Amino acid sequence: MNTYKRLDQDDLKNITAFINRDRILWDNEINEEYSHDELSAKQHYPDMVVRAVSTEEISKLMHYASENHIAVTPRGAGTGLVGASVAIEHGIMLDTTLMNHFIELDEQNLTLTVEPGVLLMELADYVEKHGYLYPPDPGEKSATIGGNISTNAGGMRAVKFGVTRDYVRGLEVVLADGTIMTLGGKVVKNSSGYDLKDMIIGSEGTLAIITKAVLKLLPLPKKSVSLLVPFPTLAEAIRAVPPIIKSKAVPTAIEFMEREVIMDAEEYLGRKFPDNQADAYLLLKFDGNSMEEIASYYDKVAQICLQQGAIDLLIADTDERAESIWKARGAFLEAIKSSTTMMDEVDVVVPRSLVHNFVEYIHQLQSEMQIRIKCFGHAGDGNLHAYILKDQLSDEQWDKILNLTMDKLYSKARSLNGNVSGEHGIGYAKKEYLRNSVSDKAVVLMQGIKKVFDPLDILNPHKVCQE
Amino acid sequence: MKILVCIKQVPGTNKVEVDEKTGVLKRNGTDSKMNPYDLYALETALRIKEKYGGSVSVISMGPPQAKAVLYEAFAMGADEGALITDRKFGGADVLATSRTLSQGIKKFGEFDIILCGLQTTDGDTAQVGPEVAEMLNIPSICNIEKIEQVQDNTIIVDMDMPEDIERVRVEFPCLLTVKKDIFQPRLPSYIKQQQTQKKDIDIFTFSDMEDQNEKKYGLSGSPTHVERIFPPTSDKIQQHWQGTAQEISGQIYGLLREKKFIR
Amino acid sequence: MAKLIVHQEKITNSQEFIQICPFNAMQEKDNEVIITAGCRMCRLCEKKGQGAVEYIADEVQPQIDKSKWRGIAVYVDHVDGKIHPVTYELLGKARELAAKIAQPVYALFIGNDIEKEADELLHYGADKVYVCEDSELKYFKIEAYTNVFAKFINEVQPSAILVGATPVGRQLAPRVAARFATGLTADCTVLDIKENTDLVQIRPAFGGNIMAQIQTPNTRPQMATVRYKVMDAPQRLDSAVGTIEHLDVAACDLVSHVDVLSVTKKAKETTIDMADVLVVAGRGIKKKQDLQMLEELAGLLGGEVASTRPLVEIGWLDPKKQVGLSGRTVRPKLIITCGVSGSVQFVAGMNHADMILAINNDSKAPIFKTANYAINGDVYEVVPQLINKIKAGEAVL
Chain S
1 MNTYKRLDQD DLKNITAFIN RDRILWDNEI NEEYSHDELS AKQHYPDMVV RAVSTEEISK
61 LMHYASENHI AVTPRGAGTG LVGASVAIEH GIMLDTTLMN HFIELDEQNL TLTVEPGVLL
121 MELADYVEKH GYLYPPDPGE KSATIGGNIS TNAGGMRAVK FGVTRDYVRG LEVVLADGTI
181 MTLGGKVVKN SSGYDLKDMI IGSEGTLAII TKAVLKLLPL PKKSVSLLVP FPTLAEAIRA
241 VPPIIKSKAV PTAIEFMERE VIMDAEEYLG RKFPDNQADA YLLLKFDGNS MEEIASYYDK
301 VAQICLQQGA IDLLIADTDE RAESIWKARG AFLEAIKSST TMMDEVDVVV PRSLVHNFVE
361 YIHQLQSEMQ IRIKCFGHAG DGNLHAYILK DQLSDEQWDK ILNLTMDKLY SKARSLNGNV
421 SGEHGIGYAK KEYLRNSVSD KAVVLMQGIK KVFDPLDILN PHKVCQE
Chain C
468 MKILVCIKQV PGTNKVEVDE KTGVLKRNGT DSKMNPYDLY ALETALRIKE KYGGSVSVIS
528 MGPPQAKAVL YEAFAMGADE GALITDRKFG GADVLATSRT LSQGIKKFGE FDIILCGLQT
588 TDGDTAQVGP EVAEMLNIPS ICNIEKIEQV QDNTIIVDMD MPEDIERVRV EFPCLLTVKK
648 DIFQPRLPSY IKQQQTQKKD IDIFTFSDME DQNEKKYGLS GSPTHVERIF PPTSDKIQQH
708 WQGTAQEISG QIYGLLREKK FIR
Chain W
731 MAKLIVHQEK ITNSQEFIQI CPFNAMQEKD NEVIITAGCR MCRLCEKKGQ GAVEYIADEV
791 QPQIDKSKWR GIAVYVDHVD GKIHPVTYEL LGKARELAAK IAQPVYALFI GNDIEKEADE
851 LLHYGADKVY VCEDSELKYF KIEAYTNVFA KFINEVQPSA ILVGATPVGR QLAPRVAARF
911 ATGLTADCTV LDIKENTDLV QIRPAFGGNI MAQIQTPNTR PQMATVRYKV MDAPQRLDSA
971 VGTIEHLDVA ACDLVSHVDV LSVTKKAKET TIDMADVLVV AGRGIKKKQD LQMLEELAGL
1031 LGGEVASTRP LVEIGWLDPK KQVGLSGRTV RPKLIITCGV SGSVQFVAGM NHADMILAIN
1091 NDSKAPIFKT ANYAINGDVY EVVPQLINKI KAGEAVL
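Protein chains in written order, with my numbering: chain S, 1 to 467; chain C, 468 to 730; chain W, 731 to 1127.
If you're looking for bench data, these hints aren't it; they were derived computationally from the structure.
All of these numbers come straight from a predicted model, not from anything done at the bench.
Among the hints, a few may not be true.
[As the list claims (entries may be wrong)] Chain W regions said to be covered by chain C (calculated; three or more residues, Cβ under 8 Å): (1) 740–747; (2) 763–772; (3) 890–899; (4) 964–977; (5) 1047–1059.
From the three backbone atoms N, C-alpha and C, an ideal C-beta is built for every residue, glycine too.
Excised from the complex, chain S in its bound form (with noise of 0.2 Å):
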């Protein structure tokens, strides 16, 4: 097993040799909100939180933790789900979040460049100002653009315009020594040798730090309609997918969701959903440049979820109406976890054709194990949410249940031909079911890399594929 250096006060000294010591927190100075992410139980603190401003800064620091063994955990809003930016090796919590500018909009080839730092809802806005969109649209509007590209984060759109990944077009790195390197660039094609870029993409900061990233836009949609589409069960709503998207309408986003979840969100926002009038529903967002052009795609899709059994579909033409529905799916999350003392997530990815499998797979469970299991996702690209909740169960029995119950989803979902996250990433919580969805070849390649790229193993320890 490896061991890392504590930090001391000579190390302090050392790096605030080079660090402004405004920007570092040391001791009893490192908030309570660094020891964890959005859901992990259990507390890992820093010795030192950095908060960088520059590449130069980042470089210096990675130098001095190679020549030192000291474990490096890069870590932006801190919204992740899975423990990937909990220091379990203490050492150094390298905070991205001051390097927050926008550098250079080019409108010539359609990219913007962004420290990582910059949140997602401040790059949505900002672009959306110079009538583009960048079209990845995670959730958690409040994550860092470089925690989205280390889980390579999917979100809504994820069924017209794919995920972070595929809007990534260059990266500006700091090895493990310290070294700075460039990956990839504005150009749109690339077929360079190996594609180191795309390696860091999703390595949750096992592979290298992101210190810059160059983002491709899209032109923005003028206009956009959602359709909430009632149907009288789940079934028949998730059942009615598939042919949705054979139509090649192709919505930006299709969700689906429950009447219990809706509740909770009322609940929890204070406010009624528009509608109440069906158990389950479909959530359907169209982009186009008029509302004619948007009303000519919606009408086929019409046609084809009253064929499955739709009740209707009801209309989001306007800013009000789309937020009466949109805030409801936002706080979803929120509302869950309020509905309950504790609760653990499942984010896997399934063919799109069998989400209706698993959903049915996920009412039986609960009847099954004895426990609530709430669910919502996007039925569009087959990534389901799941949240398994703790109620009144105490410590012992949740922790059976609980393993119980991940083990059962997870090898449901690999009946199905599906993978153990859709967008939320391994970290630390989720590598014991990566390691048995995948073959043992998978993570002897995995962990090659790993190697190759970190060899003394400072960068996040024990996370995706690791010990």
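Starting from the structure of chain S, add chains C and W where the hints point.
Leaving out everything else, chains C and W in the frame of chain S:
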């Protein structure tokens, strides 16, 4: 029971600016939508209809494009619609608008309940409802936060007053204006939209009005005149205070007094 | 009737020409530009149309005799005789306006068993308080109140009437204005008066994005509503100056189609979405018990305590109290953040508050970028001292 809802088409956004030199309004974008407050009135009407039976009609005053809000109301469940439109009604203030609307309502039919939203997002006056009621000589109740019951040609409602909730019974015909959030407005239905997209609506112009005195309409019939419009002075204050707790708390106290949060 | 005439031959480019209208009220039809019913008669097309649009003015209406309408009247807003403070603010304003034109100030007081309260109005500068009492006027009934108001106007003939923009004033004033076919300007923020007794009224429009100056040049009475806390409260005078008059109305004027069935005291508003004042607890609050201090401050300001996400997560406050992107969006008149650093997700839920006062001991806290008043201090010292000052009602230095 016949229910009428007054609805208005308003600009899609309130982002207007005033040209400082000419004092003229500059509008961004040309989108329009149903006045958000009217959605609550329409929802209230539909709920009353669903519970007690009857019909829901909608009426609007505006340019020919304002038909769109009537069709939107059909897609939400309204049964009939009428549009009052004529160049002669242009430039109307609250009084002239109320007069035109009340004349149009008389032409449209007799209603037991007339519902209005609390106010519009472009005018913000919250006055047209009660003025229409006065001109129709019927009772009006504003600020309704709950519909309690419909009973023998009366309706019982809760009116939100500064310190109390007053439960009142009002006889038909009457005019009610409802608060925002009385009900969460439903979304337009695709099925209803398909069924009603070719529906006829009544169009009323000046010649349909009972009162044929031209001077009572539009700009001529408006007692108020807008003398000028100008941008508001920016009140974005940014001050940084420091000092002893004694000094700072004194400053905050003074500020709260000045801004009337404490007396 | 006033109208606009389009001279087609003077239009060079009709597409550009149509763009002049901010209300989309010009259309091209059969190769002619026409003005549609969307026209608001703003006459911008006349100003900018280089002669292509001509304004034909109305034939001159006979002017009313403004000298027959004298005095500034204030409607007394009250609940069971308990006078709403907006009334005093309006009396103060009325006093100021009346002084400019050397005319009297009147107050109109309608209700049941209220006369004993009328004296107080004389301490705020009313020259005459017209009191109308009747058991039928115990509750606010729109028809009866309108009739009494009309009787007052016919008898007294005031030049201008100010009404508080309260739930009562906002429904009573328009009915009265409609009955007299006169102008009513809602929610005025500035009022002034000209020598010829024309009231100069300024009010926000389009959600406060523009201000409009409005006059009522040829009808009387002129009417305006004003919200509470817009005008300054005047000093109470030690001596009462004016007189109390009685206004009698016929029984038939008190008939109403409205029955008040019950009156229930409103429960205190406890949702943070609706509160006018919010005091927000942030991570700077060290113990759960310390929230009491913020509760006390909120109580004194008639507001509610809200929270940031971390305090909700550790269970100190209910999730319904959470402000922010993942919580509730609030828009209070005043928000005081206590020990809140100001994460982006928090700020997104409150940055539309009218006034933001942030107390934090970290002078670099991000909340200070959003705050109108960035107050660098220790919450544990500032808040208790502020509470003491409010309780003591100290005079401001």
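Here is how each hint holds up against the structure:
| no. | hint | verdict |
| --- | --- | --- |
| 1 | 740–747 | violated (count 0) |
| 2 | 763–772 | holds (count 8) |
| 3 | 890–899 | holds (count 3) |
| 4 | 964–977 | violated (count 0) |
| 5 | 1047–1059 | violated (count 0) |
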